[in-house]
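Q: What follows is each chain in one-letter form.
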Amino acid sequence: MPLSDDEKAAVLARLPLFAGVSSDSLTRLTAVAGEQDFAAGYYIVRQGQVGTGLYVLLEGRVRVIRGSDELAVLVPGDFFGELAVIDQRPRGASVEAIEATRCLALASWDLLDLLEHDPQLSLNLIRGLVARIRDQGEHPHH
Amino acid sequence: MALSQDELVDTLAGLSLFADLSRPQLEQVAHKMAEESYPVGQRILRQGFTGTGFYVILDGEVAVRIDGTDVAHLGKGDFFGEMSILLGEPPVADIVTLRQLDVLHLGGPELEAFLRDHPPVMYRMLKTMALRLRNTSQVRS
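These protein sequence lines are chains A and B, in that order.
Residue 65 in our numbering is what sits at position 65 of the first sequence, and the numbering runs on without skipping anything.
Whatever position you read off the second sequence (first residue = 1), add 1000 for our numbering.
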């Protein structure tokens, strides 16, 4: 059952990634973010592919796989696919739906456009990446 | 080793963090940040201690040291200190100079405003973070 624009805006505003972004950005996000549903077992993103956008998980769970290693399980509110959008390199991992899943999909050009116009979104994204680098512990950089 | 304003701006123009800035914008950056020098063997940031700053290396080399073990070396053009500031947490490693070090320094509380004022710098930082994540197990594509 697709979300109305108001419902979509409300869902977006609650996501940590979009916390504090301008209402202009929220309006734009609502307009350009598309809902996509995936069945269990579907590969939403494939390692090695060209990245076309970022996904925010709304419902369900997904696993992040590189080679044969499961790296993580993501839950609603998490996002994935952002690295390929930021650095235009191929997808570094696959993401598979564990169960029936609903995502908001944001195309690369729309995300980059928003990043250019909304410093808060860029800051949120940097913070999200920095927190994961620090969780990693492997090659801490400060 | 204090550079003239022109020399400083020339140096900044060659660093990838500031690669997208015009000359007037580079001059603004040079104006906002303080040029500092540290001798060899100096600890600039301390693991587990509060006190933050954002540093961009103009010349020299530092070790990133956790529990006494070097996990990385940083040199000209690299930056450090931003993670602690952005997360509001103490540094997870010591930063120790390996050679005479020249840096540009910005106080921790000023970093966010600085990034907002200079979106191309923020974008370069975003790309650097993406690169750091790429080869770790925290990659999410």
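If you are wondering where the hints come from, they were derived from the structure by calculation, not from laboratory data.
Heads up, the beta-carbon is just placed ideally off N, CA and C, and yes, glycines get one too.
Hints may contain errors.
What the hints assert, rightly or not - The calculated SDA-like cross-link candidates involving lysine to any residue, where the alpha carbons are at most 20 Å apart (straight line), are:
id, chain 1, residue 1, chain 2, residue 2
1, B, K1127, A, K8
2, B, K1076, B, S1016
3, B, K1127, A, R28
4, A, K8, A, D78
5, B, K1032, A, D78
6, B, K1127, A, G53
7, B, K1127, A, A131
Said to hold, decoys possible - Partner residues are not named here, just some residues of chain B that face chain A (Cβ under 8 Å, in silico):
id, residue
8, L1003
9, S1004
10, I1044
11, L1086
12, L1087
13, V1096
14, L1098
15, R1099
16, G1108
17, E1110
18, L1111
19, F1114
20, L1131
21, R1132
22, R1134
23, S1137
Q: Hints first: check each against the structure and report whether it holds.
A: Against the structure, the hints come out as follows:
no.: 1; hint: K1127(B) - K8(A); result: 29 Å, violated
no.: 2; hint: K1076(B) - S1016(B); result: 10 Å, holds
no.: 3; hint: K1127(B) - R28(A); result: 23 Å, violated
no.: 4; hint: K8(A) - D78(A); result: 16 Å, holds
no.: 5; hint: K1032(B) - D78(A); result: 35 Å, violated
no.: 6; hint: K1127(B) - G53(A); result: 15 Å, holds
no.: 7; hint: K1127(B) - A131(A); result: 15 Å, holds
no.: 8; hint: L1003; result: 25 Å, violated
no.: 9; hint: S1004; result: 30 Å, violated
no.: 10; hint: I1044; result: 10 Å, violated
no.: 11; hint: L1086; result: 5 Å, holds
no.: 12; hint: L1087; result: 6 Å, holds
no.: 13; hint: V1096; result: 12 Å, violated
no.: 14; hint: L1098; result: 15 Å, violated
no.: 15; hint: R1099; result: 18 Å, violated
no.: 16; hint: G1108; result: 12 Å, violated
no.: 17; hint: E1110; result: 14 Å, violated
no.: 18; hint: L1111; result: 10 Å, violated
no.: 19; hint: F1114; result: 11 Å, violated
no.: 20; hint: L1131; result: 7 Å, holds
no.: 21; hint: R1132; result: 5 Å, holds
no.: 22; hint: R1134; result: 5 Å, holds
no.: 23; hint: S1137; result: 5 Å, holds
Of the numbered hints stated above, those contradicted by the structure are hints 1, 3, 5, 8, 9, 10, 13, 14, 15, 16, 17, 18 and 19, listed in ascending order.
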